[in-house]
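The primary structure of each chain is shown beneath.
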Amino acid sequence: MTAKEAKKANFAEAFKELEGIVQWFEASEVDLEEGLKKFERGLELARKCRSRLAEVENKVAEIKEKFSDYADGGEAPPEDEDEGQPRLI
Amino acid sequence: MPEPKALSVSQFVDALNIVFADKVFPDGVTIEAEVAEYRVSQGKWIWFLLKDENAVVSCFATAWQLRQPLEDGMKVRVHGLPKIYAKSGKFSVTVERVEMVGEGALKRAFELMRKKLEADGLFAPERKRPIPRFPERVGLIASTESAAYSDFLRILGNRWGGVKIAAAHVQVQGKDAVRDIVGAFAYFNAHPELAEVIVLTRGGGALEDLHAFNSEEVARAVFASKVPVVVGVGHERDETLADYVADVRASTPSNAAERLTPDRRDVARELESCVQTMERALEKEIASRAHRLTDLEHQLQAHVRAARAEFDAVMSDLERCLLGFESRVRTLSGAVERDERLLRSFDPAAVLRRGYAIVRDKDGKVLRAAASVDTGAAIAVQLAEGTLDAEVTARR
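Protein chains in written order, with numbering that gives the first Met the number 0: chain Z, 0 to 88; chain S, 0 to 395.
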């Protein structure tokens with residue numbers, strides 16, 4: 000994984016952590032010392048996330064495969080079709 | 000003309016079957032007619048008749064091959080191989096494929112398949128899985144030549160960036176569509192590193208064109224996919240069975256992009272609001288601390304004031320005591336002066352100064368009577384200034 004990919008992979012985590020911090024701020028009596036620490040961390044995460052938002056391009060790679068080759072492997076057909084023949088119709 | 004050689008029944012049936020397969024219908028047969036007496040035995044064998052005003056032919060299929068449930072009266076086109084079954088001597092068409100003929104049959108087929116899949120639990124809301132909130136790797140199953148494909152990518156690009164899209168180009172209608180789509184699902188499930196979510200999409204079309212998306216095979220492929228699936232097929236109002244099975248159902252290809260990722264503007268706003276919430280919480284805490292501090296200050300001031308008042312009270316008491324003491328001292332010193340004056344008036348020295356004298360015998364004892372000393376005795380006469388030593392010469 001390149002550094003850039005690592006940064007990207009961390010977006011969801013960073014966002015989740017940030018939301019956790021915000022919840023902490025919303026939920027409880029804020030301890031000032033702890034709050035300042037968390038606030039600082041929150042700002043850092045927000046900054047990280049914002050830089051990810053600046054990424055505008057999506058990369059498309061077409062898969063060169065014949066997908067119908069992958070289609071098999073479902074249920075097997077019944078072995079003997081004659082079994083199904085009614086005695087009388 | 001010689002009589003033909005006698006054949007065994009097996010030989011006769013085999014010969015007919017060979018003729019049907021090789022000479023008469025080398026590409027199989029396609030018959031368009033109405034379905035009658037449709038029935039399924041043991042959940043495996045399907046029997047029905049194809050009929051018109053004048054003729055009837057029997058059809059046979061395995062449930063594995065003919066997934067689409069049929070109904071009497073449905074108009075269908077059957078592709079298959081005509082065959083005489085050796086064991087029963089019965090002639091029937093072994094069905095390879097059934098197509099619905101006309102909108103009515105298509106709608107009915109759709110409805111029958113919907114009921115079948117619903118009964119099998121494919122649409123159950125409790126099996127719908129969430130898709131990642133910020134997907135980074137997306138498997139896209141679509142025709143890369145379609146407007147749906149470019150719409151999806153365009154809207155996705157407007158909303159979000161940095162996504163790696165692995166595009167699986169498939170036929171979305173026609174006879175290869177089902178196999179292609181089912182295969183693409185199998186491919187992505189075999190390559191989990193490519194996709195954490197799969198998007199299946201195509202543009203709108205007639206019910207007939209959407210056949211693959213209403214097929215049991217595709218529905219089951221969506222259902223069986225270990226990777227969660229977003230399906231966006233057709234226009235707003237189109238619905239397909241693949242839609243119902245999807246973990247996330249989108250109304251169009253563009254909507255699939257909208258359901259797949261958030262919009263970066265919304266996320267930017269959310270980030271902003273996160274920061275604001277933190278700031279507000281901190282400010283509130285700081286304000287409440289300042290308030291507590293002011294309270295403490297006020298309490299402290301009140302304490303100081305109380306102590307001061309107590310001190311003042313003690314001081315004024317003290318002052319009052321001092322004042323009382325002073326006046327008492329004054330009174331007492333007046334009395335002392337008076338007594339001193341009185342005392343002074345009794346001072347023998349003052350009497351002496353007026354000319355009196357004090358006479359003492361030799362022992363220092365004051366003499367008050369002449370008879371108390373003998374003639375010739377030595378006496379001392381104390382005057383105001385000095386003392387005379389004398390001798391008694393006579394007593395009178």
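A few of these clues could be false.
[Unchecked claim] In silico EDC-like cross-links for lysine to aspartate or glutamate, where the CA-CA straight-line distance does not exceed 16 Å: (1) Z:Lys58 <-> S:Glu135; (2) S:Lys163 <-> Z:Glu54; (3) Z:Lys47 <-> S:Asp237; (4) Z:Lys63 <-> S:Glu144; (5) Z:Lys36 <-> Z:Glu16; (6) Z:Lys37 <-> S:Glu390; (7) S:Lys115 <-> S:Glu215; (8) Z:Lys37 <-> Z:Glu18; (9) S:Lys364 <-> S:Asp338; (10) S:Lys361 <-> S:Glu318; (11) S:Lys163 <-> Z:Glu56; (12) S:Lys74 <-> S:Asp26; (13) S:Lys89 <-> S:Glu31; (14) S:Lys163 <-> Z:Glu61; (15) S:Lys174 <-> S:Glu207; (16) Z:Lys65 <-> S:Asp175; (17) Z:Lys36 <-> S:Glu284; (18) S:Lys82 <-> S:Glu144; (19) S:Lys283 <-> Z:Asp30; (20) S:Lys114 <-> S:Glu238; (21) S:Lys74 <-> S:Asp13; (22) S:Lys283 <-> Z:Glu56; (23) S:Lys283 <-> Z:Glu33; (24) Z:Lys37 <-> S:Glu284; (25) Z:Lys47 <-> Z:Glu25; (26) Z:Lys47 <-> S:Glu269; (27) Z:Lys36 <-> S:Glu207; (28) S:Lys283 <-> Z:Glu28; (29) S:Lys174 <-> Z:Asp68; (30) S:Lys74 <-> S:Glu98; (31) Z:Lys15 <-> S:Glu269; (32) S:Lys106 <-> S:Glu2; (33) Z:Lys37 <-> Z:Glu25; (34) S:Lys174 <-> S:Glu135; (35) Z:Lys36 <-> S:Glu282; (36) S:Lys106 <-> S:Glu238.
Hints listed in this document are in silico derivations from the structure and should not be mistaken for laboratory results. Remember, predicted model here, so these are calculated numbers, not experimental data.
Check: Is the Cα-Cα distance between Lys283 of chain S and Glu56 of chain Z 16 Å or less?
Finding: 41 Å, violated
Notebook entry, point to check: Regarding the pair Lys106 of chain S and Glu238 of chain S, is the alpha-carbon distance no greater than 16 Å?
Noted result: 11 Å, holds
Next item on the list: Starting from Lys361 of chain S, check that the Cα of Glu318 of chain S is at most 16 Å away, please.
Entry: 60 Å, violated
Check: Given the hint that Lys37 of chain Z pairs with Glu284 of chain S, does the C-alpha gap stay at or below 16 Å?
Finding: 14 Å, holds
Note to self: Does Glu269 of chain S sit within 16 Å of Lys15 of chain Z, going by the straight-line distance between their CA atoms?
What the structure shows: Answer holds: Lys15 of chain Z to Glu269 of chain S is near 12 Å, not above 16 Å.
Next item on the list: Mind checking the alpha carbons of Lys47 of chain Z and Asp237 of chain S for me, to see if they're no more than 16 Å apart?
Entry: 41 Å, violated
Check: Is the Cα-Cα distance between Lys114 of chain S and Glu238 of chain S 16 Å or less?
Finding: Holds: Lys114 of chain S and Glu238 of chain S sit about 14 Å apart, inside 16 Å.
Checklist line | Pairwise hint evaluation, Glu282 of chain S against Lys36 of chain Z, where the allowed Cα distance is 16 Å at most | finding: Holds - the C-alpha atoms of Glu282 of chain S and Lys36 of chain Z are around 14 Å apart, at most 16 Å.
Note to self: For Lys163 of chain S and Glu54 of chain Z, compute the direct alpha-carbon distance and say whether it is at most 16 Å.
What the structure shows: Holds, because 12 Å separates the two Cα atoms, which is no more than 16 Å.
Notebook entry, point to check: Does Lys115 of chain S pair with Glu215 of chain S here, judged by a C-alpha cut-off of 16 Å?
Noted result: Since the Cα atoms of Lys115 of chain S and Glu215 of chain S sit roughly 9 Å apart, the hinted pair holds (cutoff 16 Å).
Check: Regarding the pair Lys47 of chain Z and Glu269 of chain S, is the alpha-carbon distance no greater than 16 Å?
Finding: 14 Å, holds
Check: Taking only the CA atoms, is the gap from Lys74 of chain S to Glu98 of chain S under or equal to 16 Å?
Finding: 9 Å, holds
Hint check: violations occur at hints 3, 6, 9, 10, 12, 13, 18, 21, 22, 25, 27, 32 and 34; the rest are consistent with the structure.
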